[in-house]
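Number of protein chains: 2
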Amino acid sequence: MNTTTDTTQKHQATLDAAVEALHGRTFFAAFPENPSPEIYGADADKEGRASFKAHRDQRFTELQQGEPAGWAGQEESPYEQASLGIEYPYYNPETLVANAQEVFGQWRKLKTADRAALLTETLEGMKERFFEIAYATMHTTGQAYMMSFQASGPHAADRALEAIAAGYEEQTRFPEETRWEKPMGKYSITLHKTWRAVPKGVALVIGCSTFPTWNTVPGMYASLVTGNPVIIKPHPKAVLPIAIVVAEVQKVLVAHGLDPRICQLAVDANDHLIAKELAENPAVKLIDYTGGSAFGEYIEGLKGKTVFTEKTGVNSIILDSCDDLDKVAQNLAFSVSLYSGQMCTAPQNFFIPESGVKVAGELVPYEDVVQKLAAAVTSLAQNPKAGPHVLGAIQSAATQERVRDLALEGSRSVLAHGTIENPVFQNARTCSTSIQEVDASRVEQFSQELFGPIMLVIKTRDTQESIRLAADLAREHGAISCGAYTTDSAVKEQIMDEMSLAGTPVSFNLTGGIYVNQNAGFSDFHVTGGNPAGNASFTNPEFVIKRFTWVGFREPIA
Amino acid sequence: MNTTTDTTQKHQATLDAAVEALHGRTFFAAFPENPSPEIYGADADKEGRASFKAHRDQRFTELQQGEPAGWAGQEESPYEQASLGIEYPYYNPETLVANAQEVFGQWRKLKTADRAALLTETLEGMKERFFEIAYATMHTTGQAYMMSFQASGPHAADRALEAIAAGYEEQTRFPEETRWEKPMGKYSITLHKTWRAVPKGVALVIGCSTFPTWNTVPGMYASLVTGNPVIIKPHPKAVLPIAIVVAEVQKVLVAHGLDPRICQLAVDANDHLIAKELAENPAVKLIDYTGGSAFGEYIEGLKGKTVFTEKTGVNSIILDSCDDLDKVAQNLAFSVSLYSGQMCTAPQNFFIPESGVKVAGELVPYEDVVQKLAAAVTSLAQNPKAGPHVLGAIQSAATQERVRDLALEGSRSVLAHGTIENPVFQNARTCSTSIQEVDASRVEQFSQELFGPIMLVIKTRDTQESIRLAADLAREHGAISCGAYTTDSAVKEQIMDEMSLAGTPVSFNLTGGIYVNQNAGFSDFHVTGGNPAGNASFTNPEFVIKRFTWVGFREPIA
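Residue numbers (numbering that gives the first Met the number 0), protein chains in the order written: chain R, 0 to 557; chain H, 0 to 557.
Since the hints were made in silico from the structure, they are not lab data. Where hints are given, some of them may not hold.
For identical chains, the list gives no copy identity; a pair is met inside one copy or between any two copies.
In silico BS3-like pairs for lysine-lysine, Cα to Cα no more than 27 Å straight-line [unchecked claim]: (1) 491 / 181; (2) 384 / 181; (3) 52 / 236; (4) 302 / 284.
Please model the complete structure; the sequences and the hints are all you need to start from.
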């Protein structure tokens, strides 16, 4: 059996570096995002693919959380439009919660440094399986291979480490004990004081179908590092990527003599969903949720819970002025096309002034700008070497139908959706981006998230109206990202000021290989709570400190 | 006009020391609690009393927040049971909120360091008026002179400084800007990133009748330092102490060319209360509330607000074993008598095992322990040199009536309440502590706060039952403090563990000049949110970071 002390020593340098990175907010990555054989080994990809294949049509037996009440599984590959045939152990919600309560004492009584180190150790196990997780992600979410690897593997592991580091720092930011001596003139009163960071209780993490690890691990590791046992309830269509992570966590727990039920997987039954039953259990005190707004608002409305959500948002692009419109169009085409718009950070509403966009001092007319954007979107989709690898596949049939059936009254179709031929998977569910022009006065048409490859162009009176609409939408309906193009410093400051009040981060003048959708661990705060899109906040201090309570004790020293 | 830069330089050392104290959690006080002439000047007390008297039967004209809609005032001295005759300018709630919205931009655009320094400067003005505030506190709350001075003056100012320091630290904990460079093999992507701590909006602070400054300034200064304009709505019976503080804040704002309406006083009209109207205004985003649980729960239930509450709690004393029962009884008698039990930290429920309390190895029978406690309470109340100065007066007639009318079915009266002769104020509203013995099975009789000088003795089967009851009550009904007496280290650890899960700080084995009711700024966390008593949390990081949102901006560096 591994000793906790050894593990704690082993990871202290990593934790210290991660805490430092949190405050530097410069580039930091503990897990390389490049899936190259030089980094991960010559056979890593092949072995990962084989491991994924070996799961198919089998029961997933790696979990160590006790005898199941049954087996369940509903995953389908968007690339094959066929079942994966994998079954997971099913447990009744009350069993899972009772298990978590039973092991709470063991987990919360570990020292913070030990918990943080054990959790860091689990990321090493996860790293060994990045390629297996990548294929599992491809064939549940429809992400292309590169995104599947990066988002579900190294980027997710970095986000997990970020949560561990933040939780470790917050819990060690005040002394465990101190001598308090108050001078009272001729004598003094002396107290021995101690403090404990007391975890809130059983935690639940509800995952989504599109980013099964990236959106799940921050809350999962944040709750764990602060001493709360966790129940992971993935989306029924995207279980395998996170099941592998949970299995790795359980392995490390068992190897250190701890109960694996400190971190449990909770799959839905084939005939009914269990998220509500878990969420409403009075013993569940913490809930992390990623998904649609309706269920998110139900979760937020539950009494006696501390809740972190990432719901839907309506992300805007404000086009005012730029130096090179072609580069801008290429960058934006990539952003709307990446994973076929199925990212919470994907832009949807493109605000363009009716007078056009100033490009290197010259006004390019509105319609020319629209056509340039459409051409760039088309060019990317039709490029057989790029299109399939950027757009990937459509996770759910509902998303594909949404694009097909989109009918916005009075709108103009700038570009009709199409399909993308995938060179490997003939039966892949694909859909290229549809572009609609919507009237600026019909706010109801662009004030909700149209999840999937849908881009709306909105002609505004001027940039002032663009800013006002983008800020109003963010404030009232939520936004997770915003992109703006302007060469005017006063306009830039105005956008920063107004979008900051709407709680929305802004990327300015992105061209080349960096996109508004991308969000870097240890540097970019994600969904910090300033608008209705949620307060998931990976990882600012609030994201971890709300998971525990400071309690103090004091006693006179004789 | 003072320049902000000069003021910022002037207070930097104080702020740095305060931040350091937050993390050391050893004794720290920027404002001496001893009202001695050596510290505050030979005439400070006399002048303060004269200043207080000069307010009586006058309009309070120090505020600079514009033409009022009328004048209102309802304060009465508990020492005289007579009106103070002071009138304050009354403003319509919508006017106050509109004013706050108007000045939001000015206040939020100041640099954090400047805001923190300006607010620290206001505490210097407050310090000049500590004695005036003390008399104002006496004659609104009924506190005795010493508590009035300490709690409303130096202790409150220290709590304010603590909030300023915590807010300053949290907002400067991440860089304002950084260069982010991601290596991409042959080239790298470089972004200039900036972050802003964006205040949430208009803040409201609702005060209570018993601690008009101590319970108000933490939320007030926490909201202000994070850039939110604040509206202070005091209890209509305890306005003057905080009105003086608001006037001092406005003076400093004006002296630095800022709009005084950044911090406004909002008194109730004589014929209607305005707290709900203010709280429900959609522009009000932050609410701090101290007071009864019913209104607190209404405030907590408002949508779209970030809320900090300090509501009622049921505080317990667990008696297991000790070295010197006389010293314990004296300490506890002081704790229940201090300000006649009108403190949120006052103990109410005294759990004593039926087998008695082990004292220096010998069992002292239950009834002897009860009688010793009663004797200590009586002795303190009847001591003319101590009684009036410890018990003070009863703030409201309702509290006095609660003690008089207390009828707990089946309970035994151990000590009947009486009156305390005040040597200066013949007409003071006083009441000595009533002691009732309640059966341990009748939890409903001791599971709510009986505000005022009421002490309940509960005979338990053993210390295990005492701990269970104290922890259950805290978890279900809230608790702000707990006192425990035990010489057994296993029992001590058990109490720490179980009360920590109930989110309640515990003072062990207090005797001599330190009491369970007392809560030291910069060291003791207060109401950290682990149970239904509230989450006011002065001052842990959560108390300030929920008042602003991090928003990031990024742009490629060519």
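query = Which of the numbered hints above does this structure break?
reply = none
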